[in-house]
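Model the placement of chain W on the given structure of chain V, informed by the hints.
Read top to bottom, the protein sequences are chains V and W.
Quick note on the working numbering: the first sequence kicks off at 935 and runs consecutively.
Quick note on the working numbering: the second sequence kicks off at 935 and runs consecutively.
Don't read these hints as lab results, they were simulated from the structure.
Owing to the predicted nature of the structure, the values given are computational and were not obtained by experimental measurement.
Just so you know, even glycine gets a beta-carbon here, dropped at the ideal spot from N, CA and C.
Every clue listed holds true.
Okay, the calculated bits of chain W under chain V, using three or more residues with CB under 8 Å as the criterion:
{"#": "1", "region": "1107-1114"}
{"#": "2", "region": "1119-1129"}
{"#": "3", "region": "1132-1145"}
{"#": "4", "region": "1393-1402"}
{"#": "5", "region": "1599-1605"}
Some chain V residues near chain W, calculated using beta-carbon distances under 7 Å:
{"#": "6", "residue": "L1112"}
{"#": "7", "residue": "G1122"}
{"#": "8", "residue": "H1129"}
{"#": "9", "residue": "D1133"}
{"#": "10", "residue": "Y1134"}
{"#": "11", "residue": "A1399"}
{"#": "12", "residue": "Q1597"}
{"#": "13", "residue": "I1601"}
{"#": "14", "residue": "Y1646"}
{"#": "15", "residue": "P1648"}
There are 2 protein chains.
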Amino acid sequence: MWKKAILWAAAALASLIATAETGYELWQRYAPPAQATIASQYRSLLAVHFRSGTPTDSVLLAELDRAFQGMLRSRPRLSPSPQSAGLIIQLFQESAVAAWWPSSVPQQCGPEGFAVHHRVVAGRSQVFIGANTSIGLLYGTFHVLRHMAAGRPLAGVATAGASAPATRWRMLNHWDNLDRSVERGYAGQSIWNWHTLPDYIDQRYIDYARANASIGINAVALTNVNANATVLTPAYLEKVKALAQVFRPYGIRIFLTARFSAPIEIGGLKTADPLDTAVQGWWQRKADEIYQRIPDFGGFLVKANSEGQPGPQNYGRHHADGANMLAKALAPHAGVVIWRAFVYSHETPEDRFKQAYQEFVPLDGRFDSNVLVQVKNGPIDFQPREPFHPLFGALPRTPTMMEFQLTQEYLGFATHLVYLGPMFTEVLGTDTHRPTAGNTVADVVSGKSFGYTQTGMAGVSNIGADLNWTGHPFAQANWYALGRLAWNPRLDAASIANEWIAQTFTQQPAAVASIRQMMMQSHEAVVNYMTPLGLHHIMGYGHHYGPAPWYDKASRADWNCTYFHRADQHGIGFDRTSTGSNALQQYAPYWQQQWASAKSTPLSLLLWFHKVGWSEGLPNGKTLWQNMALQYQQGVQQVQQMQQSWAQLRQAVDERRHQQVTQLLHIQASEAVWWRDACLSYFQTFSKQPLPAGVPAPQHPLEYYQQLRFPYAPGQAH
Amino acid sequence: MWKKAILWAAAALASLIATAETGYELWQRYAPPAQATIASQYRSLLAVHFRSGTPTDSVLLAELDRAFQGMLRSRPRLSPSPQSAGLIIQLFQESAVAAWWPSSVPQQCGPEGFAVHHRVVAGRSQVFIGANTSIGLLYGTFHVLRHMAAGRPLAGVATAGASAPATRWRMLNHWDNLDRSVERGYAGQSIWNWHTLPDYIDQRYIDYARANASIGINAVALTNVNANATVLTPAYLEKVKALAQVFRPYGIRIFLTARFSAPIEIGGLKTADPLDTAVQGWWQRKADEIYQRIPDFGGFLVKANSEGQPGPQNYGRHHADGANMLAKALAPHAGVVIWRAFVYSHETPEDRFKQAYQEFVPLDGRFDSNVLVQVKNGPIDFQPREPFHPLFGALPRTPTMMEFQLTQEYLGFATHLVYLGPMFTEVLGTDTHRPTAGNTVADVVSGKSFGYTQTGMAGVSNIGADLNWTGHPFAQANWYALGRLAWNPRLDAASIANEWIAQTFTQQPAAVASIRQMMMQSHEAVVNYMTPLGLHHIMGYGHHYGPAPWYDKASRADWNCTYFHRADQHGIGFDRTSTGSNALQQYAPYWQQQWASAKSTPLSLLLWFHKVGWSEGLPNGKTLWQNMALQYQQGVQQVQQMQQSWAQLRQAVDERRHQQVTQLLHIQASEAVWWRDACLSYFQTFSKQPLPAGVPAPQHPLEYYQQLRFPYAPGQAH
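Only chain V is shown next, with the shape it has when bound in the complex:
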């Protein structure tokens, strides 16, 4: 019994310690450095020279205080002279810091960038943060704190010259409704408690702003692209104003979704025709009304003429007519319109892949200068893997903004560990070959290729009211990666993972490496166990939970899974070459050539562009069927490997989150098996071939998988 009691005591202690690690603190835990030498080095920075004035300066100081108390168990003290300080935070226009960089650096920093210098004087570190603005200093401070919270030696904290953001708008798009449901939200209700706004300022709003600013996010669209117009009424604008006041010191500007038919619904007009002067006047007055409350309002995010949403095409106008009308209302206030290219017409298209390109390329050059077109990373809809969207590089005169999805609508919701960093960098790093070779998607988005005056990168938020914000503790990494890549699209996913892990879980090098390995293979794993070889959109109808490749009951063809995989006795895949829909033609000639034949198309995109026979041989010597089955199996095994790696990390990670992730990996492993078994059972009805060695027989007959129903799968907005 006494031995048992000791065991109990150890377990109880672990659970006690664990209560602190709810995940609420995100990557801003500010745990003490693991190494004592590092900690003593950091202590030099406790003497801070900083002349505070703006509200942004105040939040900078509050953050330093919080961070140093966490990491060093000491409070920073203000030092009257730069000489006696370890951390010098100064605008370039002041004296001390400017000397440390070439004279070009301040200009390179622009309005948001910063530079950091490190030197050692008499054995003590001195760190200089310089910027042109308060917000630049805040970003520079977060740069230093990120470095310290990862437990790294101060020598590495310096920037090589200026660190300035690659994009103007680094953004989260919330798909949050006013009833607090979140479309495709898997982490609880919307964090916006509209009922208690504007009078109640939830601490979450402040912590949300802190987290965003720490990774450079400077814009948020509060409402769902499918939301109604109520958010534009005065009572709601008062609530939005209250949030804007919270966000302002953190450099974050608010966007709202503008329902195109708002002039009818809340304005009492009979039309929303963008060429109607009454409509134009209504939007101008609405913009004036918003800016009177929120002088730094960002602008409107618009989904129009897509999935049943109203838009200019309802009146025989085109997207530019609609966008420009709104742009003209916002222009006097320096606001912008973000117009989504995810269009989805009422009629069933020949190939849904092609519609955005077809509608937007003819309009290139016809948008006002304060309009951005926001394009999803791929041509369909946030699938586990897509080729890059052919619009990137195809709109030289239209600022083209990236829309990634952080919320894992098609990637296991908040129960699968899927680090999206590798997926983001795969897309961003792809050469569009437009106008010439060497222009990556990142170059297009950051304005380098075509000199866009507006640039941006958005992530559809995975944030909810769950205690840890994102449901899965690892889903926080996707929010983090979006911010970091929007600032610098050339960062690599592994480095981002490294710094996120060290701040979030542990600084222990072997543990960081092991967690990073899990993360880095997780995206390939989900592709393998859900949609290998270029399969896409074979998830459950409506809720998108689980496999349903057999689904063919939707009211229109391109809402069916069978539309996308086209499996029959001959083979599987969507022929998008010249013998099929020829969507391929929308890419630069380089890619047309690359992907025109199945032989030269990488396996990862094969069935995106080709219908391939079940028994056709692939370059690796296997048949398509064998390869598909083995890849499903590989996906399952990759999750099992993640489970094994995580089990080894019990000592390195706090008990509570360790247990959470253990449970979630268990769900993920079960669901990977479900995906494999359901998909292979179904596709086997066409291939009529046995499973290759190493792929176990499905646990249930196909009918079992087909009869599963999930009426309350999360993320379905009301």
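For chain W alone, kept in the frame of chain V given last:
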């Protein structure tokens, strides 16, 4: 600037400390005792003698460990002999503890009770906890921890003999739907994440069980009384089973709502007629199926033939027919049926007040022995103040269970500070005069009056996924009070407030007194600013947010506010005496006599039973109109007093929760003014009299209040 920096530093420190106080810990914060002498006294208890064996014993030890680390910054150690221990926790059948009480105590404790003894030996405290069962020991341990967490001297920890619960079922009724919406929920989504159950066990489930066990709650109905039958399907029963496994060590049993038409909806039958043998067989098999998974399943909670829910009356049967059919299915497993008396027929009644009594009194004696009838505290629907329900005392042969509402559907949602303790004790302490004088509602409910074999008290839960569980930090007190009163309905509300405050906010006596005073007047305040003098059900239609006494557009008369207040040029109030609906006849003769005339009816219930002329004089010398106006004004002033008291408590309460409550009181004060102005503006159109001195003119014309719309008011289930 340096002075400013110091100020900044103080503020930042406060906000840092505050991050710990999210409210998630509820009353289980286990803060160190404020007095050093008390702390040193407590340290004796670190030596614990306890022979652990059952799962309940394990959670007892884990709780001790958590509590002592919190309060004493030390871990308890197990002591092999009782002599060397400070805290001795033993079953009566073991040796050490039984000696401390009269031999009758073990029997008085029953299966859940406990006894606590304290003595001082050689200057050191020894505390003995005895019980017949593991769960009794757990309750006894929570008794001791509650005492310590309130910082009280150990001498007062002893119980006077046995502490045994007054009721068998001490229960929370969740109105949670499977899509995680909560009907009348104001604290976020349902904490039951059905999608990730059974594989993912959220830490919240464990902390929820800990909190409930700490106040003696031993039963929870997981699902909404209006829920569909899906929760009874095998996939969901697996999820329920997982929760039952979490709750079992904490002595908590699960109930599910049973939709009466389930045999049709999920059973494929053509009828749900309770006298149909196929229907009976279906329920028997369903019960067997549930108990196979959950051997300690509590039973079914049923809302039938009310507000459109199906029930036995659909087949020409009565409530006892329906309840007994379910009871017979549960009886072999010792399960019970809780049948709600909140019935609400399809036809508009003469007086909705009367329906429950009319339907249930004739059935008294016809229910099986494992059926309880659950009766709301008042005859209408959880209004700020109601007379006690006439069914209490009117069902001598039918176990009558109390249904309170913790969630503040009609009391300001989660934004108004309303401590319901005084309301609960007001009802429980009322003498029903049935069968004779001296039988209070508490006596009826606890089985004392009629010797019921089943007893219970339920609270409709105010719990959601908000960080602090209940939205308003003070709403936690209502959950707490329900548990404490279900265990001992003779506790007074102020004592409950005292212990809750000391555990939750501060042990500082002046601060405790000030907070208690706020709490104790808060219920009277909300009655005053919403529904003084016996007004009721004049809230906004459907969502019940804000005042709408003018509302008369509902499809049936008794859904209109005008139905309940009956204001016209002559006066206001619902005549329920013999000249009116004569609902009064449903009470014992004592109350009939008391309330038959307006003169002998207390002002607090006046308009519940009488229509009174605007200019009629009241005993206090004022006219009805004057009194009404002044009471609305008094309600506003009481909230303003609460604001002032709270402002004084800045030093006594952590910054974060202090700020939260400050903001919420600001909302409450604004809404109290809104209530006063809207109601008085409206009623003035009938009284045609000026507002008395001291009542300010309304801020807006009546039309302003009438045009307000709240399409997204929370708590409206989908």
